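Peer 1: For chain A, the structure is supplied; the task is to place chains B and C on it using the hints.
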Amino acid sequence: MQTAISAAPHTPAPGDHDYTVTGIDSRKLGMWAFLASECLFFGALISSHLLYRARAPQGVKLPHDVYDIPYTSVSSFVLLMSSLTMVLALAAIQRGDHRRLRLWLLATAFLGTVFIGGQVYEFTTFTHHGVNLSSSVAASSFFLLTGFHGVHVTVGILWLLSLVGISLRGQLPAEKHLQVEIAGLYWHFVDVVWILIFTVVYLVPNHH
Amino acid sequence: MAVAVTQAPARPFARPRSEHGFWSWISTVDHKRIGILYGVTAFLFFLVGGTEALLIRLQLAGPNGKILSAEEYNQLFTMHGTTMIFLVVMPTAAAFGNYFVPILIGARDVAFPRLNAFGYWAFLSGGLFLYSSFLFGGAPDGGWFGYAPQTIGRFNPGHGIDFWLIGLVITGIGSLTAAANFIVTTLNLRAPGMTLMRMPVFVWMNLVVSFLLLFAIPVITVALFELYFDRNFGSNFFNANLGGDPVLWQHLFWLFGHPEVYILILPAMGIVSEVLPVFSRKPLFGYSVVVFSGIAIGFMGWGVWAHHMFAVGLGPVANSAFAASTMFIAVPTGVKIFNWLATTWGGDLRLKTAMLFALGFIGEFTIGGLSGVTHAVVPSDYQQTDTYYIVAHFHYVLFGGAVLGLFAGVYYWFPAVTGKLLNEKLGKLHFWLIVIGLNLTFGPMHILGLQGQPRRTYQYPKGMGWEFWNGIETLGAFIIAASILVFIFNAVKTMRSKEMAPPDPWDARTLEWTIPAPPPAYNFAEIPVVHARDDFWHRKYTEDENGRLVRIPAGGSDEASGVSGQGTVATEHDGHDGHEEHGDGHGHGIHMPSPSYFPALAALGIMVVAYGAVYHWWIGAIGGVILLAGIFGWGNEPLAEEH
Amino acid sequence: MADEEQEATGAVATEEPPSTPELEAAPGHDQLLHGAAGHAHPSPAKYVGIAILLAIITSLEVAVYYINMPDGLMVAFLLVLAVLKFSLVAAFFMHLKFDSPMLRRVFVAGILLAAVVYTVALLTLRVLV
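Chains as they are written, first to last, in numbering that gives the first Met the number 0: chain A, 0 to 207; chain B, 0 to 642; chain C, 0 to 128.
Excised from the complex, chain A in its bound form (with noise of 0.2 Å):
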């Protein structure tokens, strides 16, 4: 029966399967390579936004205007918050506790759902005032740095409940933990990147 990763790691040698000239698994490796382009990726929306987060024709406003931080702030508690349930679900299949695992990948997902959903009424919010994707530039950027990373986190949403229905069925063993792992990377990912959108977005000064 299996329980927690035995006390001696199993450490793949020349021949086995699973041996890696690094050490490391192939799918951990190739994750880590995807996060690293990703960097590439949202540091063009975000400089797109740096860009133009100013400007906008005489007396439309800008997102800047209409921010509501202490909302946008417990949102994003409410996202870093899933980081913890995401690696304590990581801890869970390693020592070989299931119903834990379902129940932080849960949690994980239902939090990021809050995100989105908080992100969902934030932007209906700010439509109402009049900035949506087409009033300025700085808009438009917001819009679409934002918007990719709602579609990340809802892809990772997606993938975390696959995670659960694996493992209802039975087909996520201890000894399967990687899978975890590395949509806790992704995961984790998504999380640090709202970090620096937060910081940079919301609540960097804009006064040029």
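Read the hints as simulated data drawn from the structure, not as lab findings. Everything numeric in this text was worked out from a predicted model, so none of it was measured. All C-beta atoms, glycine included, are put in the ideal place defined by N, C-alpha and C. Heads up, some of the hints might be wrong.
[Stated by the list, open to error] FRET-style restraints, in silico, Cβ to Cβ:
hint, chain 1, residue 1, chain 2, residue 2, range
1, A, G146, B, E498, 55 to 63 Å
2, A, A53, B, G157, 29 to 37 Å
3, B, G157, C, R125, 28 to 36 Å
4, B, A323, C, R125, 19 to 27 Å
5, C, A114, B, S23, 43 to 51 Å
6, B, F154, A, Y70, 37 to 45 Å
Peer 2: Frame of chain A; chains B and C shown alone:
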């Protein structure tokens, strides 16, 4: 508690298992077959892109050309450039990378076989989607670099540009996944003893290219999406009326675009670095230096992009900085050229077709590089930019460089893939025709550019004095076309012939020549143990006191082994507990990943989403469902089925 | 169909190096090339601690936002705090501190490259100046 083993979920469609026939190609995850798919598809696109070029040259053969309207001309040069870069040169390099990188490092496959297949299908989807624009109201006409504001909705209504934008997003996804795959494969799956500094230069160049792709593709993807949103959802990234800045487009595009040109040339440089030593019977001169120069080019390539923007008005500080960095980047390239020359110096040269193409690369690429150096001088670039002088430069480096280098790869590796040798006489005819053709086509462009003939202009008036050279260029283009016909004839004739090449026909240096040709699915019956750079060569030859080559009797590809065509490979690892390496030396019991339809299905889904992105959201939704089906199916199936 | 009757290795097979399906490698971070300090994973309690730290830093950020200070100073504070949060998540939640240095290098390469090229581009556009 979870149970470790359960039944596989019932699937509506059975896992493909066939190894022959049409569907076996759709479902293949074998890196060699994927390489062939890339290569054949890229060649077909080459013919299309070449036809586009011929039409352009017909239009420009004389003044006031009437063959094409301005709009048609714009579509043709846009598609010609986009095709050659994204649908020909990159995928041909991918073809060689796919086929040979695993073999060159002594591996059985890439790290992610299904992702590898997906990369090909994404390339095909993107290319077909892009070309379908001709049927759906017209091809894109904004140039291969799509400068805003010419490409925003107000100035470019219609869907052509959207096909370009989404098509490139799709091919970009394919390139990105391929890049991650190659990085992991190269770092993780090398055979025992294959240290990084023993890898063939082609593998190194492919690794550098993979990192360039990894970091550059996301940048253009953002640009493409920003323009797409401007055109379709009313955003204002490049709408100057609301403060949008066309220079942002240029920055994002060229931040991708400059690394992209190194992505285009480095694989060809890698091939040349393989071919020259074999046909000089000497090791590559300064292997480490060549490798480090390639890495340096990869790094420095990120520091020069605004040299494409000298005439935009960034100001003297920016212009000077980028001029300096651009001049510096010539250094590692120059270093490579000297190392290649030194490789051939004093070598026992065999001027086979592959070698001719490799030597041709050096000459033609150098010419292109020299014109590039002149562009680095900002005041002189002010005159050159947007003239035919620039067209001359990049065609010398891309056609005289990349294309010749890739053809060297074709002639060199043809026997490794097919077991047959392309005809040498026809090969030499191809070579000389193409060299004459390319120099007649692109050489005079330097002159015309300096005389002021502008790029991307569908006509030039009488009386400029440009008629003569334009006529020569058109003639040259048709000579190139003739050379390609010779090549096609050679290829078809060779494939039809039953004559097989001997094993290791070139007396080469690296691992791909130690296995049968065509190789078995598992590549190596036993994973080789590598003791040196050019390990195969050292198993065949040693040197006597006078430095002369002495053949080692027991080494070599077909002597000691009892199996026909099999390389003699020293191995230490038979694997553990009956899993990976059942190999009995004849390749039985080696489990390879099973074929799968899901990568192709996922790519198909993306293509349908693409049509949705241009037309109606519900088409996109259907595509999304197909894509999700592909992804979930892929995630659910194990990599390999037990037999 | 014979395939369905085969012993399943687990429904979610991700791309492994080709072979018969096998047990996956356990973390084994401690075995890795560089011999990282001792034990592999922080305990759940430690993770909660990091999360609390992250929450505190976030509150600090918001507090800084509301305090009247020159723009340059505020930006400096905010960036430092953001980088701190970023690093905590990367080092602990993403386990970079305990994993092979190669992963760190790959990730940092992306971050550095992005930072440099975009800063240069923005400078030429007279932003950040």
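Peer 1: Does 43 to 51 Å hold as the CB distance between C/A114 and B/S23, or does it fail?
Peer 2: Because 47 Å falls inside the window, the suggested range holds.
Peer 1: Is 28 to 36 Å respected by the C-beta to C-beta distance linking B/G157 and C/R125?
Peer 2: holds, 34 Å
Peer 1: Quick one: are B/A323 and C/R125 within 19 to 27 Å, going by C-beta?
Peer 2: holds, 21 Å
Peer 1: Evaluate the given range 55 to 63 Å for the C-beta pair formed by A/G146 and B/E498.
Peer 2: 60 Å Cβ-Cβ, so the 55 to 63 Å window holds.
Peer 1: Taking 29 to 37 Å as the stated bounds, is the beta-carbon spacing between A/A53 and B/G157 within them?
Peer 2: holds, 33 Å
Peer 1: Indicate whether the distance between the beta carbons of B/F154 and A/Y70 respects the range 37 to 45 Å.
Peer 2: At 40 Å between Cβs, range holds.
When the structure is compared with the earlier hints, no violation turns up for any of them.
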